[in-house]
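The opening position of the sequence shown corresponds to residue 1 in our numbering, with each subsequent residue numbered one higher.
Some hints could be false.
As a list, the in silico EDC-like pairs of lysine to aspartate or glutamate whose alpha-carbon atoms are at most 16 Å apart [what the hints assert, rightly or not]: (1) Lys56 to Asp17; (2) Lys56 to Asp28; (3) Lys56 to Glu31.
Derived from the structure by calculation, the hints contain no laboratory data.
All figures in this text were calculated on a predicted structure; none of them were measured in a lab.
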Amino acid sequence: MSARTTTAPCIAVRRDDVVPICPHCEADLPEIHVRKLRGPFGIGRGFVFFCPRCRKVTGSGTQWYPFPG
1 MSARTTTAPC IAVRRDDVVP ICPHCEADLP EIHVRKLRGP FGIGRGFVFF
51 CPRCRKVTGS GTQWYPFPG
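Take the sequences, apply the hints, and build the full model.
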């Protein structure tokens, strides 16, 4: 392989016709709940995303951007 291997950029595609499922309870996820995590002194430490049915965590991050469009 060449040291200059290029890959295609990742493109976000909006799909309103597909409803994701929870990886834990396999329920449909028409919405995902989000909660802001707090660190010491009330300083924000990020977000946790979870299933509204079983409340198990589906993901986390330090920044949250609404989907474009």
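Check the hint pairing Lys56 with Glu31 against an upper bound of 16 Å on the C-alpha distance. With Cα atoms ~14 Å apart, Lys56 and Glu31 stay inside 16 Å; holds.
Does the alpha-carbon distance linking Lys56 and Asp17 stay inside the 16 Å limit? Outside the cut-off at roughly 24 Å; violated.
Does Asp28 lie within 16 Å of Lys56 when you go C-alpha to C-alpha? holds (14 Å)
Hint compliance for this structure: hint 1 alone is broken.
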